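Those protein sequences? They're chains A and B, same order as listed.
Read left to right, the first sequence gives residues 6 to 261 (my numbering).
Read left to right, the second sequence gives residues 19 to 189 (my numbering).
Think of the hints as simulated: they come from the structure by calculation, not from any bench.
A quick note: this is a predicted structure, and the numbers were derived from the prediction, not measured.
Heads up, a few of these hints could be off.
[Unchecked claim] Partial list, derived from the structure: chain A residues whose beta carbon lies under 10 Å from chain B:
{"hint": "1", "residue": "LEU16"}
{"hint": "2", "residue": "ALA26"}
{"hint": "3", "residue": "LEU30"}
{"hint": "4", "residue": "VAL33"}
{"hint": "5", "residue": "LEU200"}
{"hint": "6", "residue": "LEU203"}
[As the list claims (entries may be wrong)] Using C-beta positions, here's what the derived DEER-type ranges look like:
{"hint": "7", "chain 1": "A", "residue 1": "ARG187", "chain 2": "B", "residue 2": "GLU53", "range": "44 to 54 Å"}
{"hint": "8", "chain 1": "B", "residue 1": "LYS177", "chain 2": "A", "residue 2": "GLN68", "range": "31 to 41 Å"}
{"hint": "9", "chain 1": "A", "residue 1": "GLY111", "chain 2": "B", "residue 2": "LYS177", "range": "49 to 59 Å"}
{"hint": "10", "chain 1": "B", "residue 1": "ARG92", "chain 2": "A", "residue 2": "GLU90", "range": "30 to 40 Å"}
Yeah, the Cβ is synthetic: ideal placement off N, Cα and C, and Gly gets one too.
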Amino acid sequence: MIALTTDLKRLGAVRAPAGFADRVLAGVGMADSYARFETVLGDVYVAWNRLGVSAASRSASAQDFEEWFRKDVGRPLEPAAAPAELAEKIQDELNGKRRMRFDLRGLTPFEQAVLRKTREIPRGEVRPYGWVAREIGHPAAVRAVGTALANNPIPYFIPCHRVVRTDGHIGNYGGGGPEAKRAILTMEGVRLKRLEELARAGFRYQGVRTTKVFCYPTCHTGRHALEKNIVWLHDEAGARAAGFRPCKVCRPAAVA
Amino acid sequence: MEGVDHFFERMVHEHQDRVFAASLAMTGNRHDAEEVAQDTFFRAYRALATYSPERIRDLKERAWLHRIALNVVRNRVRGVRPRLVELNGSESDRSPGPEVLAMERMQIDELATRVADLPIRYREAVVLRHVRGLSYAEVADALGQPVGTVKANVHRGLKLLRGDDHDRVDD
Numbered sequence: 006m007i008a009l010t011t012d013l014k015r016l017g018a019v020r021a022p023a024g025f026a027d028r029v030l031a032g033v034g035m036a037d038s039y040a041r042f043e044t045v046l047g048d049v050y051v052a053w054n055r056l057g058v059s060a061a062s063r064s065a066s067a068q069d070f071e072e073w074f075r076k077d078v079g080r081p082l083e084p085a086a087a088p089a090e091l092a093e094k095i096q097d098e099l100n101g102k103r104r105m106r107f108d109l110r111g112l113t114p115f116e117q118a119v120l121r122k123t124r125e126i127p128r129g130e131v132r133p134y135g136w137v138a139r140e141i142g143h144p145a146a147v148r149a150v151g152t153a154l155a156n157n158p159i160p161y162f163i164p165c166h167r168v169v170r171t172d173g174h175i176g177n178y179g180g181g182g183p184e185a186k187r188a189i190l191t192m193e194g195v196r197l198k199r200l201e202e203l204a205r206a207g208f209r210y211q212g213v214r215t216t217k218v219f220c221y222p223t224c225h226t227g228r229h230a231l232e233k234n235i236v237w238l239h240d241e242a243g244a245r246a247a248g249f250r251p252c253k254v255c256r257p258a259a260v261a
Numbered sequence: 019m020e021g022v023d024h025f026f027e028r029m030v031h032e033h034q035d036r037v038f039a040a041s042l043a044m045t046g047n048r049h050d051a052e053e054v055a056q057d058t059f060f061r062a063y064r065a066l067a068t069y070s071p072e073r074i075r076d077l078k079e080r081a082w083l084h085r086i087a088l089n090v091v092r093n094r095v096r097g098v099r100p101r102l103v104e105l106n107g108s109e110s111d112r113s114p115g116p117e118v119l120a121m122e123r124m125q126i127d128e129l130a131t132r133v134a135d136l137p138i139r140y141r142e143a144v145v146l147r148h149v150r151g152l153s154y155a156e157v158a159d160a161l162g163q164p165v166g167t168v169k170a171n172v173h174r175g176l177k178l179l180r181g182d183d184h185d186r187v188d189d
């Protein structure tokens with residue numbers, strides 16, 4: 006004979022279903038939700054919470070993305086329906102409009118500074134790692150900048166692909182290797198061949214004779230200069246010696 | 019704010035099984051149980067946001083969550099409640115096991131359905147006393163009823179449950 010109270014006790018030992026706690030935490034905005042979005046870059050998994058977008062990756066599957074997120078970000082994660090508003094923001098971001106908010110809580114202040122600075126680089130332009138290091142007040146920390154960018158949890162939207170090696174080479178890319186980096190930069194309108202030719206010739210800056218200003222080669226302020234007025238410069242000292250001052254927009258050197 | 023979030027996250031992990039089990043016994047199926055259990059935690063979260071640190075510190079979490087869960091169930095009964103019949107375990111459990119476990123799960127779900135069919139005053143008393151294993155004094159406290167009333171309701175509830183069970187008389 007089965008004692009009823011024993012059965013009731015077994016009923017009391019029932020466990021909550023898988024993912025229950027994560028769904029509760031997501032419901033009050035404490036866990037992250039994620040969905041897959043179709044973009045010009047292909048399918049991108051994007052995670053978000055009430056503070057903003059927290060991660061992005063072109064993972065092969067939802068499972069891969071979840072595993073990576075839990076390991077890298079370390080918060081609970083729940084699949085969700087893709088909000089139309091976020092889908093729109095994602096398209097806008099990839100088209101060069103900056104509308105997105107980010108949640109960078111898990112990162113160190115240095116990493117956050119690197120990513121915020123990187124976000125200022127306009128679409129269609131690139132900057133050297135050294136530029137990021139100098140702009141955030143750690144001019145010697147070029148390698149640390151590289152590491153911070155390699156661990157960028159939100160590639161594509163925080164455009165770490167727009168940071169290249171100081172010698173003008175494209176450099177590596179955490180968001181899918183150098184090939185992916187080339188593809189994205191080309192899509193954004195960066196003329197990589199020309200950039201690499203300049204780098205091989207040792208030219209880092211473009212000076213404009215009429216304005217006496219020197220810029221990074223991709224800076225948009227120098228784009229409309231006439232070909233005959235352009236001079237190519239090797240370094241800052243040479244540029245200054247020739248009477249050029251650094252551009253105030255792309256800031257190729259500290260403005261004195 | 020950060021403090022409340024941490025407190026809440028720990029509370030969810032610590033009490034999720036308890037709250038879910040009680041919700042299952044109160045509603046009789048896993049779908050409604052998940053809704054009730056989620057609702058319970060959502061209400062708890064909203065309440066915590068308004069509580070002073072002292073009040074949070076002195077909180078008797080278990081009894082507090084049970085009271086919220088009972089209120090969630092009572093409020094649901096007032097609305098239209100679609101009765102869902104679970105044909106099989108469609109949702110994944112955290113410990114998916116062999117068929118023995120599936121059998122046990124079916125028996126447990128069947129019992130939950132029967133408990134959920136009890137009139138609410140017997141159901142609450144039986145769930146807190148025998149499913150959740152609280153003492154009579156604790157049940158009385160959670161329900162705001164005298165101990166004698168609780169004992170009587172538990173007794174009648176068990177009797178009704180046995181009555182469904184082929185008139186079997188076990189002590």
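Each hint tested on the structure:
1. Among the interface hints, the one on LEU16 (chain A) holds; its C-beta lies about 5 Å from the nearest C-beta in chain B, closer than the 10 Å criterion.
2. Among the interface hints, the one on ALA26 (chain A) holds; its C-beta lies about 5 Å from the nearest C-beta in chain B, closer than the 10 Å criterion.
3. Hint on LEU30 (chain A) holds. Least Cβ distance to chain B is approximately 6 Å, under the 10 Å limit.
4. With 10 Å as the threshold, the beta carbon of VAL33 (chain A) comes within range of chain B, its nearest partner Cβ sitting at about 5 Å, so the hint holds.
5. The criterion of a C-beta within 10 Å of any C-beta in chain B is not met by LEU200 (chain A), whose closest approach is roughly 45 Å, and the hint is violated.
6. For LEU203 (chain A), the shortest C-beta to C-beta distance to chain B is roughly 49 Å, which exceeds 10 Å, and the interface hint is violated.
7. A hinted range of 44 to 54 Å holds for the C-beta pair ARG187 (chain A) and GLU53 (chain B), which are about 50 Å apart.
8. Taking 31 to 41 Å as the suggested C-beta distance range, the pair LYS177 (chain B) and GLN68 (chain A) does not conform, at roughly 50 Å.
9. Between GLY111 (chain A) and LYS177 (chain B) the C-beta distance comes to about 56 Å, which sits within the given range of 49 to 59 Å.
10. The given range of 30 to 40 Å is respected by ARG92 (chain B) and GLU90 (chain A), whose C-beta atoms sit roughly 36 Å from each other.
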